[in-house]
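Going down the list, the sequences are from chains H and P. Reading the first sequence from the start, the letters are residues 1 to 318 in the working numbering. Reading the second sequence from the start, the letters are residues 1 to 318 in the working numbering.
Because the hints were derived from the structure by calculation, they are not lab data. Honestly, I wouldn't trust all of these hints.
Unchecked claim - Derived pair list, reagent style DSSO-like, types lysine-lysine, alpha-carbon separation capped at 30 Å:
| # | chain 1 | residue 1 | chain 2 | residue 2 |
| --- | --- | --- | --- | --- |
| 1 | H | K182 | H | K38 |
| 2 | P | K182 | P | K304 |
| 3 | H | K182 | P | K160 |
| 4 | P | K182 | P | K160 |
| 5 | H | K304 | H | K2 |
| 6 | P | K182 | H | K160 |
Number of protein chains: 2
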Amino acid sequence: MKIVITGAQGFLGRRLTETLLSRTDINIRKLILIDVVKPVVAQDDPRLQWVQMDLSNPDGLEGLIDGETDAVFHLAAIVSSHAEQDPDLGYAINFLATRNLLEVCRGNNPNIRFIFSSSLAVFGGELPAQIQNHTALTPQSTYGTQKAMCELLINDYSRKGFVDALSVRLPTICIRPGKPNKAASSFVSSIMREPLHQQRAICPVAPELRLWLSSPNTVIDNFIHALTLPSLPQRSWHVINLPGFSISVHHMLEALAAIKGEEILGYIDFEFDAAINDIVASWPAEINCEQALSLGFKADSSFKEVINQFIRCDMRFE
Amino acid sequence: MKIVITGAQGFLGRRLTETLLSRTDINIRKLILIDVVKPVVAQDDPRLQWVQMDLSNPDGLEGLIDGETDAVFHLAAIVSSHAEQDPDLGYAINFLATRNLLEVCRGNNPNIRFIFSSSLAVFGGELPAQIQNHTALTPQSTYGTQKAMCELLINDYSRKGFVDALSVRLPTICIRPGKPNKAASSFVSSIMREPLHQQRAICPVAPELRLWLSSPNTVIDNFIHALTLPSLPQRSWHVINLPGFSISVHHMLEALAAIKGEEILGYIDFEFDAAINDIVASWPAEINCEQALSLGFKADSSFKEVINQFIRCDMRFE
């Protein structure tokens, strides 16, 4: 397979690259890794091609996506708090760059499986206790708005046969390794990751706030499932709510204490931040993901297992 | 008031212009009438300024929308069947031109009341018997997709205070005077208008098909209500389903025969057209419009009254 990944230097892009290369059931012939930041080449594999480019300028894309390309994972994005502060940059990357990519696929090879990383942030406002497939998208953030616009555009391109696309709505990912970022949800990983490293973390939301989460490994497995899944019927809706689990911040901390002892919670300062709370509280706490499960996407077994997965897989490599 | 109307040479634009000029309760200081087609100046009123421009190129807009502009009615669009055949032109006008207009408002005067003509075509696919406010937008046409993307964008611009906007979703309008156009719904007026003029018309859908309709006069009154309505709270959802009524093609023909006699139905040929039927059948047959009614928008009283309104107001002037 010849695959293009955008946002390839991000956390998900890097993990997807590693996983694709290591999977023996997928024959990777070439991985083209696009990112706006200069590549930090950690792997020396002849199948990798690193490309530094700004997707808001489509020049050069034509030569990277061609008749031999099997799939594009479009992960590049301006994250939630960043897009809220700079909606124009958000629009350029989160929306226009997506359209540029779709146009190149349409022109060069409409059979490309186009996998778009969407988000639960497309939901917002007054939501039902559990989001259903037919729940309206009323995002309360610029990021969610731009993702929702892309889902519509991508669905139309699929319906017209311009591309073979699937938008997958990611739960909030926890526990991300590395550093905090500008996503409003950044604290969700911080309040687990930093204490595990004996570092202080700030919790900017009320402990009662419920979140819809997935572990990184499960999201990556689901991305790869989206790659190998047979095409959906052209006129079906080309958006999947990826499986996740619903948990309150309070229960996340309880699970952490159960594994590492109560004293670990001393690393967390509760400093309420209305701007972050507003964005995160507008996201859904629970999503019906029966459709995704019936299509073979998978969910984490428990939050304790998610913490143990982080300790086992991620802390070793940091 | 200083008001800009795009698509001003279209049927709704012309009727909105006439009505605004004639209403004694609204003090019109200036009406800037933008359209891509050369103006046919029917009215000689010093308050009118005709501008021929293609909205896909925003040059010149800056000078037309300024600190003194009170409102923009954005009616310009590539209609449904046309956008389905030429999605790129649809994208340029239905989406990009909307964004260009929003950007000029944002830059020059964020207090402008921006009224966007959206459509029931944002709905599609498997729909509930009655559309609710929280029903997901899953359009099955390029036109509906582009309108839905604009609604999202406009809502975000409103939420951020870039503009004081309201998207109003129009029912299918019946009876339009004049000639058929490239809208998939063009037949809805044709099967009434042409027989009333002793001309033949084609009905391309099954008589059982139910439609969600509004008369032209009611839509224009609702447009003007959207102009004078107090601003919605910034974080509410800035989209209104305009009131309409649900009726089958069969019952429309029955009402026509009740007014003009059975023999008028002889002017109609039933020639099923799968392409048109597909688009129109994907639209909702009924929409819950309680919110609109509570905000003071109004509905037609009966379809017979709609036919009589056409005979009384429109046939005289053709």
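Practice task
Assess, step by step, whether the Cα of K182(H) is no farther than 30 Å from the Cα of K160(P), and give holds or violated.
Solution key: Answer holds: K182(H) to K160(P) is near 19 Å, not above 30 Å.
Exercise for the section: Would you mind confirming whether the straight-line C-alpha gap from K182(P) to K160(P) stays at or under 30 Å? Expected result: With Cα atoms ~36 Å apart, K182(P) and K160(P) exceed 30 Å; violated.
Exercise for the section: With a cut-off of 30 Å on the C-alpha distance, tell me whether K182(H) and K38(H) pass. Expected result: Roughly 19 Å separates the two Cα atoms, so the pair holds.
Practice task
Verify the proposed pairing of K304(H) with K2(H), using a straight-line Cα cut of 30 Å.
Solution key: Cα-Cα ~36 Å, so violated.
Practice task
Would you mind confirming whether the straight-line C-alpha gap from K182(P) to K304(P) stays at or under 30 Å?
Solution key: With a Cα-Cα distance of about 26 Å, the restraint between K182(P) and K304(P) holds, given a limit of 30 Å.
Handout entry: Given pair status - K160(H), K182(P), alpha carbons within 30 Å
Key = Holds - the C-alpha atoms of K160(H) and K182(P) are around 19 Å apart, at most 30 Å.
Checked against the numbered hints above, the structure breaks hints 4, 5 and satisfies the rest.
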